[in-house]
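From first to last, the protein sequence lines are chains A and B. For the first sequence, this note's numbering gives the first residue as 1, with consecutive numbering after it. For the second sequence, this note's numbering gives the first residue as 216, with consecutive numbering after it.
Be aware that one or more of the hints could be misleading.
[Unchecked claim] Straight-line C-alpha distance at most 25 Å; calculated SDA-like pairs for lysine to any residue:
1) K54/A to L80/A
2) K86/A to W341/B
3) K10/A to S335/B
4) K38/A to G337/B
[Claimed, not checked] If we take Cβ atoms under 7 Å as the criterion, some of the chain A residues that face chain B in the derived model are:
5) P2
6) K10
7) I13
8) Q15
9) P66
10) H70
11) I73
12) F82
Please keep in mind that the hints were generated in silico from the structure rather than gathered at the bench. Think of the CB as a built atom: it goes at the ideal place given N, C-alpha and C, for glycine as much as any other residue.
So the chains spell out like this:
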Amino acid sequence: MPQFAPSEAKTAIAQIVAKPSGMNCEAELFLGPDDATKVVSSGRVTFVSTGEAKNVSLPITMPTAPGTYHGYIDVLAGGLRFLAYKLTEDVVIAAPAALAFTFGVPTVAIVPSISAPSARTANFSCVVTNNNSQSVTRTLYEMVMIQNGVSSERGPAVTVTLSPGQSYTFSLQGNYQGTDGGWYIYFMIPWSGGWIKLWLRDDLGNTSQVLGPYS
Amino acid sequence: MEFKKVKGEGPERIQVEMLDPILAPGSSRTAKAPITAKPAGMACQAELFLGPNATTKSATSGMVAFTSIGASQDVNLPVTMPTPAAGEGAAYHVYIDVYAGGMKFLAYIATEDVVIPGGSVGPITWT
Chain A
1 MPQFAPSEAK TAIAQIVAKP SGMNCEAELF LGPDDATKVV SSGRVTFVST
51 GEAKNVSLPI TMPTAPGTYH GYIDVLAGGL RFLAYKLTED VVIAAPAALA
101 FTFGVPTVAI VPSISAPSAR TANFSCVVTN NNSQSVTRTL YEMVMIQNGV
151 SSERGPAVTV TLSPGQSYTF SLQGNYQGTD GGWYIYFMIP WSGGWIKLWL
201 RDDLGNTSQV LGPYS
Chain B
216 MEFKKVKGEG PERIQVEMLD PILAPGSSRT AKAPITAKPA GMACQAELFL
266 GPNATTKSAT SGMVAFTSIG ASQDVNLPVT MPTPAAGEGA AYHVYIDVYA
316 GGMKFLAYIA TEDVVIPGGS VGPITWT
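So that you can see chain B by itself, here it is in the shape it has in the complex (with noise of 0.2 Å):
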């Protein structure tokens, strides 16, 4: 699943692995997120949310702590998908926010939505 950058120094884009558009309803996924920090030997934190906007986390891998390294590294974002009420079924957007001292520093927004499908089946007719 690809995402663009919003705010920071870094890629345009990245491209994050094990995220797939239409996921099972409480499915887990580890995402692997190529983030670029600098400099290097900051502690920094990342966190990768699903929800309607950039402020509202249905879903959310919570801070996940790494040190920078000044280049492109691997930050395993560990996230258990939304479980939409009963015959619901919804769209996420998808985000990456990255800290350092507790400020956000970098953000990225996957450009296509992650969809938890839901629904029912009624009875059928025979003709």
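Extracted from the complex, chain A is given alone in its bound form (with noise of 0.2 Å):
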């Protein structure tokens, strides 16, 4: 069955024979529940009859609400309905699937505290890719897990917009200086006497490979 995105603009070439040649002629293609209700329409497109096939155009724009519907061709000539045809396949409308990056293998560099030189905490780095045909957003969020399983973000996400074949490199650097000027850290390592896991995850679920333990 064919399958459209909601209120994707689409059109039908139906090809149609009518007969005798030189009506005046009307054709309609619409979507709907039954002959009788017409959720989109092509309206009514005008074409004069040849006697032979004739491929005749049929825009429409497609529902809004995602669900199936039968598809009917009607054709007219002086108001006269004379034929009158239903789609052997139904229309599909569904919201297309949410497009994601491709991960790249990320890295982690453990690195001293520069607020306390005997503590550590780690740089992440991980390039995102957009393999697909679109333009695509995500939102990229580092995530740590401690020893006891537990798991959260380190540091603030990141909204990315990236054209097609585009890259972008992630980047959270363990220390940051605070608006008081001082420096912090995101996540000691070892924390609370454990180790610490780190990975990329984005807003879709999808993740990078987890890298760690590092204790």
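Taking the hints as your guide, dock the two standalone chains into a single complex.
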């Protein structure tokens, strides 16, 4: 069954034979639950019959509501509907699947804390690429899991829009400078005496490779 | 639907009600034809028929009897439209003949054909 996105504009090309030739005709394509209910319609498209097969273009905007719709084509001459056809396949309206970035292999470097050099933190980096044929926007979160199994975000999330083929390097430095000018860290290693693991996640729940444990 | 005279005495053109240029196959119509037959008192017959020419009758009202009054009078001529073969459509000339004593003395032909449309819709492609 043909599947389209809600409100997508499409054109159906119907091969219509109308006899005799020379008639002023109209064709209409509509979608609906039955032949009396027009959810969307091409409206009446005029053409002159040739007595032989003729391609008639019927532009239509798909319904906004997802679902399955019957398709119908009516052909009229002088206001008389003389052809009435139902499409052999229903039309399915479904929201397209969300597009995601492709994650590269992340890297982690364990570095000393600037504010307390005896402590350590991690610099994290991961390249994401848009391998889709259209622009995609996703929000990226660096995730940390501590030894008790609890996960949380480490550092601020980043929202990125990439064109097809474009890449972005997500990078989070473990040391950061606060508004007060002081230096702080995102998660000390070890954390509460235990290890941590790090990875990148997007707002769809896709994840990169998990790195660690680091202790 | 307008008819023009082909033969005989009478108005050059007459307007016949209940006939449309485009009709559904097998549909029934009763054409109301204003016929002027003179002199009054004649036993007449009128026939409306459709066909590709004046001698081939694809559909006909048959002979409808009436008595002339010497002036215009409405004569009802019921006819069932032809049913072309499946997927076919056609245009038909329309004729009205008037007889008295078996002699055709008045003949009209419609100025436009009656069309019985037909056809088919093939598979569609989406772009």
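Structure-based check of all given hints:
For a cut-off of 25 Å, the pair hint linking K54/A to L80/A stands: about 19 Å separates their Cα positions. With a C-alpha separation of about 15 Å, the suggested pairing of K86/A with W341/B holds against the 25 Å cut-off. A threshold of 25 Å between alpha carbons decides the hint, and for K10/A with S335/B the separation of about 22 Å falls inside it, so the pair holds. As the CA atoms of K38/A and G337/B are separated by approximately 21 Å, the hinted pair is consistent with the 25 Å bound.
The interface hint given for P2/A is met, as the beta carbon of that residue sits about 6 Å from the closest beta carbon of chain B, less than 7 Å. With 7 Å as the threshold, the beta carbon of K10/A comes within range of chain B, its nearest partner Cβ sitting at about 6 Å, so the hint holds. For I13/A, the suggested interface contact is upheld, since its CB lies about 5 Å from the closest CB of chain B, less than 7 Å. At its closest, the beta carbon of Q15/A sits 4 Å from a beta carbon of chain B; the interface hint therefore holds under the 7 Å criterion.
Of the supplied interface hints, the one on P66/A is violated, with its beta-carbon coming no nearer than about 18 Å to a beta-carbon of chain B, more than 7 Å. Taking 7 Å as the C-beta cut-off, the interface hint given for H70/A is violated, the closest approach to chain B being about 13 Å. Residue-level restraint check for I73/A holds (minimum Cβ-Cβ distance to chain B is 5 Å; threshold 7 Å). With 7 Å as the threshold, the beta carbon of F82/A comes within range of chain B, its nearest partner Cβ sitting at about 4 Å, so the hint holds.
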